[in-house]
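Based on the sequences and whatever the hints tell you, model everything.
Same order as they appear, the protein sequences are chains E and Z.
Going by full-length UniProt numbering, the letters in the first sequence line up with residues 1 to 204, in that order.
Going by full-length UniProt numbering, the letters in the second sequence line up with residues 1 to 249, in that order.
The hints are simulated quantities; they were obtained by calculation from the structure and are not laboratory data.
Treat the numbers as computed from the prediction; the structure is a model and nothing was measured.
Hints may be right or wrong, so weigh each one.
What the hints assert, rightly or not - Below, simulated SDA-like cross-link-like pairs (lysine to any residue); rule was C-alpha separation at most 25 Å, straight line:
| # | chain 1 | residue 1 | chain 2 | residue 2 |
| --- | --- | --- | --- | --- |
| 1 | E | K62 | Z | D101 |
| 2 | E | K108 | Z | S59 |
| 3 | E | K161 | E | R193 |
| 4 | Z | K78 | E | Y67 |
| 5 | Z | K212 | E | V64 |
| 6 | E | K62 | Z | K29 |
What the hints assert, rightly or not - Which bits of chain Z does chain E cover? Going by a derived footprint, with three or more residues having C-beta under 8 Å, they are:
| # | region |
| --- | --- |
| 7 | 57 to 71 |
| 8 | 89 to 97 |
A virtual CB, placed ideally from N, CA and C, is assigned to each residue, including glycine.
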Amino acid sequence: MECVFGLVGDGFALVAADSSAVNSILVHKSNEDKIMILDSHKLLGASGEAGDRVQFTEYIQKNVHLYEFRNGIPLSTAAAANFTRGELAQALRKSPYSVNILLAGYDKDIGPSLYYIDYIATLHKVDKGAFGYGSFFSLSMMDRHYHSGMSLKEAVDLVDKCIVEIRTRLVVSPPNFVIKIVDKDGAREYAWRETIKDAEVPTA
Amino acid sequence: MARYDRAITVFSPDGHLFQVEYALEAVRKGNAAVGVRGTDVIVLGVEKKSTPKLQDSRSVRKIVSLDTHIALACAGLKADARVLINRARIECQSHRLTVEDPVTVEYITRYIAGLQQKYTQSGGVRPFGLSALIIGFDPYSGAPALYQTDPSGTFSAWKANATGRNSNSMREFLEKNYKETSGQETVKLAIRALLEVVESGGKNIEIAVMTKEQGLRQLEESEIDAIVAEIEAEKAAAEAAKKAPSKDS
Chain E
1 MECVFGLVGD GFALVAADSS AVNSILVHKS NEDKIMILDS HKLLGASGEA GDRVQFTEYI
61 QKNVHLYEFR NGIPLSTAAA ANFTRGELAQ ALRKSPYSVN ILLAGYDKDI GPSLYYIDYI
121 ATLHKVDKGA FGYGSFFSLS MMDRHYHSGM SLKEAVDLVD KCIVEIRTRL VVSPPNFVIK
181 IVDKDGAREY AWRETIKDAE VPTA
Chain Z
1 MARYDRAITV FSPDGHLFQV EYALEAVRKG NAAVGVRGTD VIVLGVEKKS TPKLQDSRSV
61 RKIVSLDTHI ALACAGLKAD ARVLINRARI ECQSHRLTVE DPVTVEYITR YIAGLQQKYT
121 QSGGVRPFGL SALIIGFDPY SGAPALYQTD PSGTFSAWKA NATGRNSNSM REFLEKNYKE
181 TSGQETVKLA IRALLEVVES GGKNIEIAVM TKEQGLRQLE ESEIDAIVAE IEAEKAAAEA
241 AKKAPSKDS
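Laid out in structure tokens, this is it:
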């Protein structure tokens, strides 16, 4: 029941993801961060097999960093997306990764962009995208309310609308979501939307 | 003697590895490089031989980052350096991937030295012709560190060291003048050591400063010129003070 979705606004891109780590009927934790900060201006929201997700996204992150050290400049978002897709494609007919990815980035010359990369190495450059059962609801919501060049407030309102839909309509909906943003000032966490807070560890 | 410097690195009857020693000769012919460890910064300086007029000097970076907290400068064969630097960069990321922690300066130095040693004990290859000065901050203790490797594959930690052309003079200068410094004083010490063997001027020196917060920063030519001017002024003042008659009885 993992949900990841994202959209491109005016000079920024947002990615939202649920934060539950589940194994069959057990919820391990409700504050798992599934949106990796790839480098200063890129976000990688991933959903899928937990082991594959962490393994694959960390591998991509380290290779993106290596490129930056070798060449003195960071990868563009398009290059990072194509590299990621290539790695998924290479592994596909050997030992595929079960990971769906939304890669959001900001490039100085072209602005924000969002890439949809699914587990069989499909790559699309999109304005809005979503994965998982939640996509049935969030895509419909975005189809209705999205327009290009949305302001940050409008975009966050839309994300909240999607989260409300997922919470009301998905049978085992995840309780908490994390929203991250990437714009000219970089990639960072924007907000959490929590309904369940993990209990604080009591201090002595 | 001529029989014992074959392509394969084998011992000579009197216990020398001539290929390694010849590699050290190559290092001695390379451009001067100096490293100085301060309390809160570490400085690397490299001699810049005059750039040909038509060359784009930005493409000849002699002080490179291996990771956000590790940097390297070297003396010797630059093409060999490229290979080692590439392997070291991969190892830095690979270490982060497998153990989720950044490398320590000692670890990456040991890795580079290990690579250099491997090439002194393999068939059909020659040793790397370079000595590397590796600097960085320990990611856990925050302590600054300076290490040096050489073509034989040995490495050790230093408070300050020099390699390449005229390294003996620079090392002598450092031994005489080293003291625990911080910030700009450390930069000045490194530049003063380099100026012992290099023509003065920002055009002939490349300096990079590593701090814990901001990582590696390459100094602009104008900044280096300003510090060189300061150093020259200090030298002139010291000369004048020596020459002025002492007023004390």
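For each hint, the structure was consulted:
1. Of the pairs offered as hints, the one joining K62(E) and D101(Z) holds, with about 12 Å between alpha carbons and a cut-off of 25 Å not exceeded.
2. Under the criterion of a C-alpha separation no larger than 25 Å, the hint pairing K108(E) with S59(Z) is consistent with the structure, at around 23 Å.
3. Restraint check for K161(E) and R193(E): the C-alpha separation of about 12 Å stays at or below 25 Å, so the hint holds.
4. Our distance criterion of 25 Å between C-alpha atoms is met by K78(Z) and Y67(E), whose separation comes to about 20 Å.
5. In summary, the hint linking K212(Z) to V64(E) is supported, as the alpha carbons are separated by about 23 Å, within the 25 Å threshold.
6. At most 25 Å may separate the alpha-carbon atoms for a hinted pair to count; K62(E) and K29(Z) exceed this at roughly 36 Å.
7. Using a Cβ-Cβ cut-off of 8 Å, 4 residues of the region 57 to 71 of chain Z lie near chain E, which meets the minimum of three, so the contact claim holds.
8. With 7 residues having a Cβ less than 8 Å from any Cβ of chain E, the region 89 to 97 of chain Z passes the three-residue criterion, so the hint holds.
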